[in-house]
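*Asks:* So the protein lines, in turn, are chains A and B.
Counting in the working numbering, the first sequence runs from 1 upward without gaps.
Counting in the working numbering, the second sequence runs from 1 upward without gaps.
Honestly, the hints are just simulated from the structure, not real lab data.
Misleading hints may appear alongside valid ones.
It does not matter which identical chain is used: a pair holds within one copy or between any two.
What the hints assert, rightly or not - Restricting the straight-line Cα-Cα distance to at most 20 Å, the calculated cross-link-like pairs of lysine to any residue (SDA-like) are: (1) 8 x 18; (2) 290 x 248; (3) 272 x 173; (4) 290 x 6.
All values derive from a computational prediction rather than experimental measurement.
2 protein chains.
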Amino acid sequence: MVDPDDLKRQLDEARAALEAIKGKPGDISPLAPASVPAVHPVPGVTLGAAAAEVKYRGRDDVMLIRLEAGSTLAGVFTRSATRSAPVLWCERALAGLTDTGEAIGIVANAGNSNAFTGSAGETSTKAMAGHTAQALGITPERVFVASTGVIGERLPHDKITAVLPGLSTTLRPDAWQKAAGAIMTTDTYPKVASARCKIGNASVTISGMAKGSGMIAPDMATMLAFTATDANIGQAALQKLLEDSTAISFNAVTVDGDTSTSDTLLLGATRKADHDLITDAADPCLYDFKAALDGLLRDLAHQVVRDGEGASKFIEIRVTGAETDAAAKRIALSIANSPLVKTAFAGEDPNWGRIVMAVGKSGEKADRDALTIRFGDILVAEKGWVAASYREEDGAAYMKAQNLTVTTDVGTGDGKATVWTCDLTYAYVRINADYRS
Amino acid sequence: MVDPDDLKRQLDEARAALEAIKGKPGDISPLAPASVPAVHPVPGVTLGAAAAEVKYRGRDDVMLIRLEAGSTLAGVFTRSATRSAPVLWCERALAGLTDTGEAIGIVANAGNSNAFTGSAGETSTKAMAGHTAQALGITPERVFVASTGVIGERLPHDKITAVLPGLSTTLRPDAWQKAAGAIMTTDTYPKVASARCKIGNASVTISGMAKGSGMIAPDMATMLAFTATDANIGQAALQKLLEDSTAISFNAVTVDGDTSTSDTLLLGATRKADHDLITDAADPCLYDFKAALDGLLRDLAHQVVRDGEGASKFIEIRVTGAETDAAAKRIALSIANSPLVKTAFAGEDPNWGRIVMAVGKSGEKADRDALTIRFGDILVAEKGWVAASYREEDGAAYMKAQNLTVTTDVGTGDGKATVWTCDLTYAYVRINADYRS
Numbered sequence: 001m002v003d004p005d006d007l008k009r010q011l012d013e014a015r016a017a018l019e020a021i022k023g024k025p026g027d028i029s030p031l032a033p034a035s036v037p038a039v040h041p042v043p044g045v046t047l048g049a050a051a052a053e054v055k056y057r058g059r060d061d062v063m064l065i066r067l068e069a070g071s072t073l074a075g076v077f078t079r080s081a082t083r084s085a086p087v088l089w090c091e092r093a094l095a096g097l098t099d100t101g102e103a104i105g106i107v108a109n110a111g112n113s114n115a116f117t118g119s120a121g122e123t124s125t126k127a128m129a130g131h132t133a134q135a136l137g138i139t140p141e142r143v144f145v146a147s148t149g150v151i152g153e154r155l156p157h158d159k160i161t162a163v164l165p166g167l168s169t170t171l172r173p174d175a176w177q178k179a180a181g182a183i184m185t186t187d188t189y190p191k192v193a194s195a196r197c198k199i200g201n202a203s204v205t206i207s208g209m210a211k212g213s214g215m216i217a218p219d220m221a222t223m224l225a226f227t228a229t230d231a232n233i234g235q236a237a238l239q240k241l242l243e244d245s246t247a248i249s250f251n252a253v254t255v256d257g258d259t260s261t262s263d264t265l266l267l268g269a270t271r272k273a274d275h276d277l278i279t280d281a282a283d284p285c286l287y288d289f290k291a292a293l294d295g296l297l298r299d300l301a302h303q304v305v306r307d308g309e310g311a312s313k314f315i316e317i318r319v320t321g322a323e324t325d326a327a328a329k330r331i332a333l334s335i336a337n338s339p340l341v342k343t344a345f346a347g348e349d350p351n352w353g354r355i356v357m358a359v360g361k362s363g364e365k366a367d368r369d370a371l372t373i374r375f376g377d378i379l380v381a382e383k384g385w386v387a388a389s390y391r392e393e394d395g396a397a398y399m400k401a402q403n404l405t406v407t408t409d410v411g412t413g414d415g416k417a418t419v420w421t422c423d424l425t426y427a428y429v430r431i432n433a434d435y436r437s
Numbered sequence: 001m002v003d004p005d006d007l008k009r010q011l012d013e014a015r016a017a018l019e020a021i022k023g024k025p026g027d028i029s030p031l032a033p034a035s036v037p038a039v040h041p042v043p044g045v046t047l048g049a050a051a052a053e054v055k056y057r058g059r060d061d062v063m064l065i066r067l068e069a070g071s072t073l074a075g076v077f078t079r080s081a082t083r084s085a086p087v088l089w090c091e092r093a094l095a096g097l098t099d100t101g102e103a104i105g106i107v108a109n110a111g112n113s114n115a116f117t118g119s120a121g122e123t124s125t126k127a128m129a130g131h132t133a134q135a136l137g138i139t140p141e142r143v144f145v146a147s148t149g150v151i152g153e154r155l156p157h158d159k160i161t162a163v164l165p166g167l168s169t170t171l172r173p174d175a176w177q178k179a180a181g182a183i184m185t186t187d188t189y190p191k192v193a194s195a196r197c198k199i200g201n202a203s204v205t206i207s208g209m210a211k212g213s214g215m216i217a218p219d220m221a222t223m224l225a226f227t228a229t230d231a232n233i234g235q236a237a238l239q240k241l242l243e244d245s246t247a248i249s250f251n252a253v254t255v256d257g258d259t260s261t262s263d264t265l266l267l268g269a270t271r272k273a274d275h276d277l278i279t280d281a282a283d284p285c286l287y288d289f290k291a292a293l294d295g296l297l298r299d300l301a302h303q304v305v306r307d308g309e310g311a312s313k314f315i316e317i318r319v320t321g322a323e324t325d326a327a328a329k330r331i332a333l334s335i336a337n338s339p340l341v342k343t344a345f346a347g348e349d350p351n352w353g354r355i356v357m358a359v360g361k362s363g364e365k366a367d368r369d370a371l372t373i374r375f376g377d378i379l380v381a382e383k384g385w386v387a388a389s390y391r392e393e394d395g396a397a398y399m400k401a402q403n404l405t406v407t408t409d410v411g412t413g414d415g416k417a418t419v420w421t422c423d424l425t426y427a428y429v430r431i432n433a434d435y436r437s
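Take the sequences, apply the hints, and build the full model.
*Replies:* And the structure:
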């Protein structure tokens with residue numbers, strides 16, 4: 001005789017097991033910050049968002065930023081050989097940027113990345129730049145364009161250009177969170193950050209937003225970041241500062257090792273702050289500013305990893321003792337991108353053998369018999385073997401935490417680097433294997 | 001009122017869905033050959049297997065091959081910086097190999113890879129070589145040792161050396177399949193292949209076995225292959241032949257992009273065949289032999305991919321139009337190793353945008369606006385955009401097949417390469433995230 005209550009209980013269990021494996025689309029990442037942080041307005045910056053319904057319904061999907069006349073701007077972009085029409089546009093616009101006494105515009109849309117769209121891609125980018133320029137009363141070459149979402153489909157740019165005149169009249173200094181929401185694709189939460197620092201006696205603000213959920217998922221989740229400061233910094237110095245800071249933030253995170261066709265990171269400087277113009281990135285006055293910029297970009301980059309597709313663990317990988325810093329970074333990325341390392345983290349398995357493997361395959365010099373591995377403060381391996389003091393149950397207990405640190409010294413030099421990544425879960429497969437079906 | 005039959009039906013559905021996602025440990029890969037092929041004995045080669053219970057119970061886990069006096073031997077090994085004690089032993093043994101009028105031995109065990117085991121690793125390797133040498137009546141430096149399985153754990157080599165004397169008395173010419181079974185770890189089927197060809201008027205045999213299931217899973221699934229021929233080929237020529245053939249077989253497959261600490265591929269030549277000694281790998285007499293060797297190694301390498309952890313699709317990636325053959329191979333591997341490409345295949349999603357992305361991130365030159373992509377014979381993309389003739393339903397129908405071919409021409413030169421891979425499924429995550437728990 002079958003007991004219906006017992007069947008019901010077994011059914012509930014099976015369904016819970018299914019949900020535990022697959023997750024629920026629409027869930028906010030378990031690694032998300034507890035709340036969306038407050039954002040300080042940046043003097044000289046206004047922004048806003050609107051719904052153009054390019055792909056999504058019932059939400060904003062176009063964002064516009066205006067930087068007042070006199071601003072400088074820096075940018076870094078994907079190095080992909082198949083980068084999108086908007087990226088190519090921005091590279092040209094940045095190369096030609098001079099102070100014409102006009103404002104600068106940044107326009108971005110979500111839902112369609114306008115990547116790999118042949119000659120139509122350039123047409124759409126030009127249309128977005130042209131209409132934004134008209135709405136802001138500036139020349140088109142002063143408009144920076146970014147698109148994120150599905151690739152290979154013609155961008156219905158008419159929908160975007162139709163909302164730009166109205167959107168341009170609603171720009172406000174305090175709409176960072178609203179704008180951050182408009183550029184989300186597979187992101188499960190909006191990503192903003194804000195910092196204050198001193199340049200000389202002047203108080204300076206840096207604020208920014210980012211989007212991204214795979215390091216790349218060219219259909220839906222390319223990485224975009226728009227940041228601005230009121231610091232009075234010249235174009236070339238600003239570019240140098242942004243490149244240096246990117247190397248230890250956005251270029252030190254990985255979700256799946258894949259590289260976007262659309263990655264775009266911009267930093268505007270409105271030069272409203274009350275200090276003398278700085279034209280040298282090495283100016284000692286910038287000590288505090290650099291630290292704040294590094295912290296802000298790192299914060300945004302970490303938020304991207306914390307929203308990594310299917311992520312359940314946030315992992316810091318520290319490598320020391322490499323031949324050079326660059327070698328250390330390659331070893332760290334070899335660990336961070338290894339599917340076997342990432343699945344071990346997903347399984348809360350203190351599988352240090354896979355760290356050894358990933359060090360070995362990096363192509364960099366490592367001294368197997370001097371290799372040290374630590375999980376958090378726990379010494380796991382040393383001198384080419386498991387440490388005498390290591391107990392597997394300690395490693396297993398450590399792996400239960402949501403935020404993990406793995407440190408490895410490869411014993412060949414003084415080079416060091418830190419990168420951040422997430423684990424590889426069933427949910428990653430669900431998101432990327434099932435999402436178009 | 002709850003209907004028990006309805007509940008039962010729902011429960012069966014939920015359980016079937018769970019099994020479809022997770023698979024069943026112990027299932028044979030859906031991509032396995034229909035049957036284990038017949039293997040031709042190789043004159044001068046005897047082999048066998050025995051159960052030492054290093055880790056597994058109730059199955060063979062030690063394999064021994066004897067190549068008669070006068071044989072030559074070639075080998076290629078992992079380039080990992082953290083390679084195992086047996087690999088280091090084999091590299092030294094190969095470098096010092098001369099014709100001493102003695103036989104050659106190959107001994108391998110499954111269940112423990114003796115990798116990252118400090119100084120104990122060398123002790124265990126020496127013990128295996130020493131006892132094998134004693135059993136075969138040869139010097140230890142003529143014994144090649146391989147171990148596969150969990151890493152970082154001391155190899156209980158006494159268990160292995162205890163069975164060697166008995167095993168050495170049971171060697172037979174026809175035990176290839178038995179021996180192939182003894183080196184399996186996470187493999188779901190034994191991998192053997194065999195070919196016959198002509199050198200001059202002489203009939204020559206090549207036979208071999210392999211194991212591997214992840215390209216690497218240092219705990220359980222490193223790649224080993226042992227092959228032998230009766231061809232009369234000198235040491236240096238044999239080495240060159242093996243290296244050339246490996247480049248287009250074992251070095252052209254990837255399951256997860258990770259690299260083993262133990263990969264070992266050996267090719268012995270007993271020189272029993274009735275033709276003159278060949279000392280130049282470029283000798284025109286070898287035309288047929290080369291083709292047979294290429295085919296045999298490719299067959300074994302494909303069998304490894306077809307047993308890839310969690311694999312449900314076997315995928316051939318062809319790249320043409322690159323600057324060089326090496327550039328083409330890097331582009332092909334960039335596609336084959338991309339988690340986003342591999343999960344799209346798992347989802348039977350004709351997601352050509354991810355191919356574009358993977359070409360772009362390879363670091364090699366590609367002409368975005370000349371790029372062509374084909375799924376099988378279906379033209380998907382050309383001239384920087386989706387092809388006018390392409391219909392998504394055709395791509396989706398093609399993706400349902402178990403064996404897939406993706407061809408991309410990157411439009412910059414004459415370089416070409418082919419690699420083989422499998423998809424990235426829930427089962428890959430299950431095998432690698434859950435297996436130690």
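*Asks:* So which hints don't hold here, by number, going up?
*Replies:* 4
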